[in-house]
Every structure is written in C-alpha cells, then in structure tokens.
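Engineer: Take a look at the letters that make up each chain.
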Amino acid sequence: MPRIQDKLSEMKSKNQKALIAYAMAGYPSESGTISMVRGLVQGGADIIELGLPFSDPLADGPVIQNASFLALQKGMNLDKFVNLVKKIRKEADIPLVLMTYANLLYSRGYDKFISTVKKAGIDGIILPDMSIEEAEGYLEIVHKNNMDAIFLISPNTSEDRIKKISGMSSGFMYLVSIYGTTGAQQKFQQYTLDAIRNAKKTLGGKMPLGVGFGVNNADQAKLILQTGADAIIVASAFLRLIEKTPQAKIQSKIASFAKNLKKATISE
Amino acid sequence: MKLGYPKNGKFGEFGGRFIPETLVPAVEELEQAYLKFKDNKDFRQELDYYLKEYAGRPTPLYFAKNLTESIGGAKIYLKREDLLHGGAHKINNTLGQGLLAKRMNKKRIIAETGAGQHGVATAMACASLGLQSEVYMGYKDTQRQKLNVFRMKLLGSIVHPVKDGTQTLKDAINEAIRDWITNVKTTYYLLGSAVGPHPYPVMVRDFQSVIGNEILSQMKDLEKKSPDSVIACVGGGSNAIGTFYPLIDENTLMFGVEAGGEGINTEHHSATLVAGSKGILHGMLTYLLQDKYGQIRDTHSIAAGLDYPGVGPEHSYLKDAKRVKYDTVSDNDAIQAFLMLSKHEGIIPALESSHAVAYAIKQAKNMSKSETIVVTLSGRGDKDVEVVEKYLMENAKNSR
Chain A
1 MPRIQDKLSE
11 MKSKNQKALI
21 AYAMAGYPSE
31 SGTISMVRGL
41 VQGGADIIEL
51 GLPFSDPLAD
61 GPVIQNASFL
71 ALQKGMNLDK
81 FVNLVKKIRK
91 EADIPLVLMT
101 YANLLYSRGY
111 DKFISTVKKA
121 GIDGIILPDM
131 SIEEAEGYLE
141 IVHKNNMDAI
151 FLISPNTSED
161 RIKKISGMSS
171 GFMYLVSIYG
181 TTGAQQKFQQ
191 YTLDAIRNAK
201 KTLGGKMPLG
211 VGFGVNNADQ
221 AKLILQTGAD
231 AIIVASAFLR
241 LIEKTPQAKI
251 QSKIASFAKN
261 LKKATISE
Chain B
1 MKLGYPKNGK
11 FGEFGGRFIP
21 ETLVPAVEEL
31 EQAYLKFKDN
41 KDFRQELDYY
51 LKEYAGRPTP
61 LYFAKNLTES
71 IGGAKIYLKR
81 EDLLHGGAHK
91 INNTLGQGLL
101 AKRMNKKRII
111 AETGAGQHGV
121 ATAMACASLG
131 LQSEVYMGYK
141 DTQRQKLNVF
151 RMKLLGSIVH
161 PVKDGTQTLK
171 DAINEAIRDW
181 ITNVKTTYYL
191 LGSAVGPHPY
201 PVMVRDFQSV
211 IGNEILSQMK
221 DLEKKSPDSV
231 IACVGGGSNA
241 IGTFYPLIDE
251 NTLMFGVEAG
261 GEGINTEHHS
271 ATLVAGSKGI
281 LHGMLTYLLQ
291 DKYGQIRDTH
301 SIAAGLDYPG
311 VGPEHSYLKD
321 AKRVKYDTVS
331 DNDAIQAFLM
341 LSKHEGIIPA
351 LESSHAVAYA
361 IKQAKNMSKS
371 ETIVVTLSGR
381 GDKDVEVVEK
391 YLMENAKNSR
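Just so you know, the sequences run in chain order A and B.
Per the numbering used here, residue 1 is the first one in the first sequence, and the count goes up by one each step.
Per the numbering used here, residue 1 is the first one in the second sequence, and the count goes up by one each step.
Derived from the structure by calculation, the hints contain no laboratory data.
Each residue gets a CB set at the ideal place from its N, CA and C atoms; glycine is no exception.
There could be a bad hint or two in this list.
PhoX-like, lysine-lysine: derived pairs with alpha carbons at most 20 angstroms apart [stated by the list, open to error]: (1) K325/B to K187/A; (2) K74/A to K112/A; (3) K292/B to K112/A; (4) K140/B to K390/B; (5) K80/A to K292/B; (6) K253/A to K263/A; (7) K74/A to K292/B; (8) K112/A to K278/B; (9) K146/B to K390/B; (10) K164/A to K187/A; (11) K164/A to K222/A; (12) K163/B to K146/B; (13) K187/A to K144/A; (14) K38/B to K52/B; (15) K325/B to K292/B.
Listing some non-contacts, in silico: residues in chain B with all C-beta distances to chain A over 12 angstroms [claimed, not checked]: (16) R17; (17) E214; (18) L288; (19) R297.
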C-alpha cells in the first residue's frame, strides 16, 4: 500500500494534522542530509520531501536556490541521490516525496528515472514546473510504478481547475500559499486564508490539503491548520536554520524546530 | 510545413507550457488577449504606425556589392535590421507586446536581457507607450555590456543585475519568471526571444515576421524571385524565426547559425541545435545544452546575445523536419566577418549578426553569381567594439 496515503488517512482517522518537512539532497553535504532527515524523523515529521537539486530552480527563492547551487557544486546527482534514499530507507519507514524539476526526469526518460527512484524507496513526486496539460506521459509512468503524483495549485487557480488538477493527483494536494517563490518571509494575507478555505471546499474532503511556501514558524503553521489545511509543508525555514550549523549539531537543531512545528499540528 | 497558430502551443513535440501553476492564469490571459488583438484592425494600425514612424520600418534590403565582388560568388543582400531605432530587430517585438500589454491594462513591464538589446528595446517601447519597465540582466552581462545598461537607465528603466548561477541570460530569465510569479496580477512579462511557454514563441515569431515578409516583397522587386538562401544567427532565435517563417513555403534554402564559440568539441560554445539534446527549460520543451543528468550547462559565445543554452521550440521543430539547416560559426570567424563587413561596406555588424555574415561569406564562395543570399543583419555593432578590441589585442599577444 502507498505510504503517503496510508499515513495521511491514518492521521485523519485519529483527527491529526501532518507536518511535511523538506531536506535538500546533498545540502549541506550528503552526510548533512542524513543528519537532517534523522532530525526531522526525531522531531516528529510525518512526511519528508527530499529535494533533488536542479541548475535552474525557477519556482524557488534564495534559500533553496543557494542550497541547490551548493549541493550541485558538491556533485549531487541522480546516482548519489538513489544511494542517499537507500540509506534513509534502511533506518526509516517514513513516506518520502521527491521534489525536483521536470527536466531531470524528462532528459533521463520518465520510465528510467521514475522506476529508479521508486526502487530506491521514493513514494511520490512533486514537480513545480509540470503543468497538467503536459503531464500525460509522466503520469502514466508514475501510476505504472504505483507512486503518487502530487500537483500544485495556487491562490489564483480557479475552482474548475482545482477539480481538474485534483483528479490527476494522488497522495495530497499542494497549495502554494502565496504569490511568490519558496521561502518568502512575510505575514500571510487574507487571500491566503481565502485560498485555503476555497481549496478545502472544492476538494470536498476527497483529498488531504497541504499548504506550503513561506511557512516559517509555529504561529503561521497554526493559523494555516486552523483555517482548514490538513498538513503544513515547511522547506526553506529548515534550510535557513542550518545555514551556519556545524555537522554535529544539525540533527538536534532540526529535531527541536520540527518538534516545535509538530506541536502546532496537535495543539488544537 | 507552416504551423500557423499551433494547437496547445506545440510545434511537433516541441514547445508547450511547463510552468508553475501560479503562471497558468497569466499565460491564459495573455493568450486570450493575443488572439483577440493579433488581427484586430486598430491594433494592427497602431503597431504599423509605431513600426514605421518610431522604429523606422521598412528597413532596406541592401545589396552588399563590395563584399559580393571580393568573394566572387553569389550576390549577398543585407536585411538592415541594424538600422532600426535602438540598433536591433528587438524593437519589432517590444512595440507589439507593449501595445498588447496596454490593452491588457498592465502598467508594469518586466523583461530579461542578454546583450542588452532587448532591454534597450523594451525600455524604448515602454518610454514611448507610457509604461514602467524593469529589466533583469545577468551580472556578467552588465559588466560586458555597460553601455547598454546605461542606455536602459537613461530611458527610464530599472536594471536588476542577477548574481545567481552563470550570471547570464538564462539566469536573467529565471529571475524575471520569479518576479512574474510574485507580481502576477499587475505585471506583464515582455519576453524578448521566441522562447518560453506558449504563446510567447508564436507571438514573438509573429511580431518578428515583418522581417521575412519585407525580404520576400523586396526580393521580388529587386530580383523578381524569392532568395535562393537566407541566413540568420540563432541564440533564442527571434530574428531567425522572423526571417524564416514567411519563407517556409518558398523555394529557399535556410540556414540558422549558432555560436560555435571556441569549438563545439570544447565546452565553450552555445550550439544548442547542433550539439544539444531534448529537454525542458523556461516553460518549453526544446533542444538544450545539458549534462547527462539534465543539469543545464554553462555556455559561451563572444556574442552575449547568443549565449543561451536553449532555443525557440519552432527551431527545434524546423531542425527535425529538416527544413532549416543549423550550423555553427566560431568566435574567431565571427570576428573576422565583423572586420570584413566593416571594411568592405562601412557597416559595423553586431557580433551576433557577424555569425550570419561569416556563414554567408563561406556559402557565397560555393554558389554561382546568378544566385542570391539574404543575410539578416539583426543588429549594429557599436555595443561590441570594446569586446572586439580586447579580443584582437589578446590574439596579437598570443601570436607574438
């Protein structure tokens, strides 16, 4: 059974909300990523998004751009990514979602790329530049491998389009909370809360709603979950936290921040 | 073979729309507006007015007699886009999109630029049409094209140097797209080449097709037939697609010239169609320069305007359909052509266009005197004199 759906429906039945947390493969180093994942698991993250860096991350803000650049400089690539995932799988059964850009899959061949990461232990894929109109060949392979394709929606996505996109998604729906790139540091405005309510209503409980981009702290997480989201997705804030952290302290620092965010998901 | 307005923005398998969801409503709005206005009489009249009275169209098709005689082969004609206001073909597109943006009630315009020619053309169009403009430009490009940075500022534009990645055109496009995602409701992204998500490649092609349409009617006046060959340089490929598209159904050989840099067997070139492979970048499926993992490679050309790892999707289609032959010219051959055209004809071509001139010189030798070649001289070379001077000095040093 698919790990993502299992996890989220188990949580739903217990009336719990989820913390989806991000780590970039190869940032700050391969062993640093392992420490980060250990910290996330220890801190109570429910699902981990694992970024595979791309040279031109046009949906990402400065924090993930910088992490991508450094990870690529240190030689991160698909082969190393696969080894990293296998190592993680040896110690954790947590759902793992790959986040990257369409070209890395397309250039390798959807079939080859997707079956390779599936074998390593990846459960789902998020591609911020894959629009549903272009997704036919990609989706076919994702489904053949019994994986989840998670698509994004945005505050300006129409209700009709949300329905169309959710019909092609599985696992959860990813709502981009703001007009902007990942890691924006600003207060959420009314339109974000409206977008959450609207998406929730349009999805009609058929699929869990995760909200990400610009979620930086426990207060924001609470606000988003109270407004109706089923999961918060936190990425840049975790990377920002370890920008200057020595390797030995990554795990504990990440764990305590994750714990703090996780508390926000169960404090209702 | 002419694809007209392609369904779903696909040129064969190329093109399409690989974009973040936030931009989907924006490109749909743009497509609706473009379809509404592209054949609208008022829109066409206003655009024709600006092209004629402001930009200086039509441009001459000049018979390069001295160059032709010194080579002793086919007759070489130059399509003088370098004589347009601003010094390049870019103004054809910025006026078209600027007028479209006005009709869409978008007051804030953003653009990317490589050599600075599109940035300057955007700043000019915006100043004349009463729009605000901000231009993203790779930091490396701001350093090698300082004159154009200052021109943009004079014209009232804000220039944002981009310090990410390779600090060239591709990073400027990334940053412009990020701005567009952030300010999607108020901002019009005025893309300068025939690249990006649908409808940009088709829209830019249509606005630049004025080049090929004029060539066709001018050649029928001058030679009573369409040209035997046309040659244009290809970076993103806007002047080339504007040259080729109206001639696709003619009996004309077409050549697109990419930047061979220091040689396509080195890592220092921008020969996307000649040496690249299929991939997805900047919203489109097209040929790219990438490594075996799909990471976009660093590119090189002495001509900043050709220094781009992707290419317009319609060129990818025309390559695979074998309607256009794509080839390369090295930095050094481009410089030699730059010098030769300057001396023989008193015309200093842009380094980008010098690639097309170099290829024409090579082709003309093997053709008969009754045959004709049209070279699109996409821009003038004033912006490049410092780069050429430096190149010549270094070469003199090395050969000593």
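Engineer: Indicate, hint by hint, whether the structure satisfies it.
Structural biologist: Verification of the supplied hints:
1. For the given pair, K325/B sits about 54 angstroms from K187/A by alpha-carbon distance, which is inconsistent with the 20 angstroms threshold.
2. A distance of roughly 24 angstroms separates the Cα atoms of K74/A and K112/A; the hinted pair therefore is violated under the 20 angstroms criterion.
3. Only pairs whose Cα atoms come within 20 angstroms are accepted, and K292/B paired with K112/A is accepted, the gap being roughly 13 angstroms.
4. Only pairs whose Cα atoms come within 20 angstroms are accepted, and K140/B paired with K390/B is accepted, the gap being roughly 16 angstroms.
5. Using a Cα cut-off of 20 angstroms, the hinted pair K80/A and K292/B holds, with the two alpha carbons roughly 14 angstroms apart.
6. The hinted pair formed by K253/A and K263/A meets the criterion: a straight-line CA distance of about 16 angstroms does not exceed 20 angstroms.
7. Proposed proximity of K74/A and K292/B is supported: the alpha carbons are some 16 angstroms apart, at most 20 angstroms.
8. At most 20 angstroms may separate the alpha-carbon atoms for a hinted pair to count; K112/A and K278/B meet this at roughly 16 angstroms.
9. At roughly 15 angstroms between alpha-carbon atoms, K146/B and K390/B fall within 20 angstroms of each other, so this suggested pair holds.
10. For the hint linking K164/A to K187/A, the alpha-carbon distance of about 30 angstroms lies beyond 20 angstroms, and the restraint is violated.
11. Note on K164/A and K222/A: the hinted pairing is violated, with a Cα-Cα distance of about 29 angstroms set against a maximum of 20 angstroms.
12. Annotation: proposed proximity of K163/B to K146/B holds, straight-line Cα distance about 16 angstroms (limit 20 angstroms).
13. At most 20 angstroms may separate the alpha-carbon atoms for a hinted pair to count; K187/A and K144/A exceed this at roughly 41 angstroms.
14. A distance of roughly 18 angstroms separates the Cα atoms of K38/B and K52/B; the hinted pair therefore holds under the 20 angstroms criterion.
15. Taking the CA atoms of K325/B and K292/B, the gap is near 25 angstroms; set against the 20 angstroms cutoff, the hint is violated.
16. The Cβ of R17/B does not lie farther than 12 angstroms from every Cβ of chain A; its closest approach is about 6 angstroms, which violates its non-interface assignment.
17. Remark: the non-interface label on E214/B is consistent with the geometry, its nearest Cβ contact in chain A lying 36 angstroms away (cut-off 12 angstroms).
18. Look at L288/B: its CB is around 8 angstroms from the nearest CB on chain A, not clear of 12 angstroms, so calling it non-interface is violated.
19. Listed as outside the interface, R297/B is inconsistent with that label: its C-beta sits roughly 8 angstroms from the nearest C-beta of chain A, within the 12 angstroms cut-off.
Checked against the numbered hints listed earlier, the structure breaks hints 1, 2, 10, 11, 13, 15, 16, 18 and 19; every other hint is satisfied.
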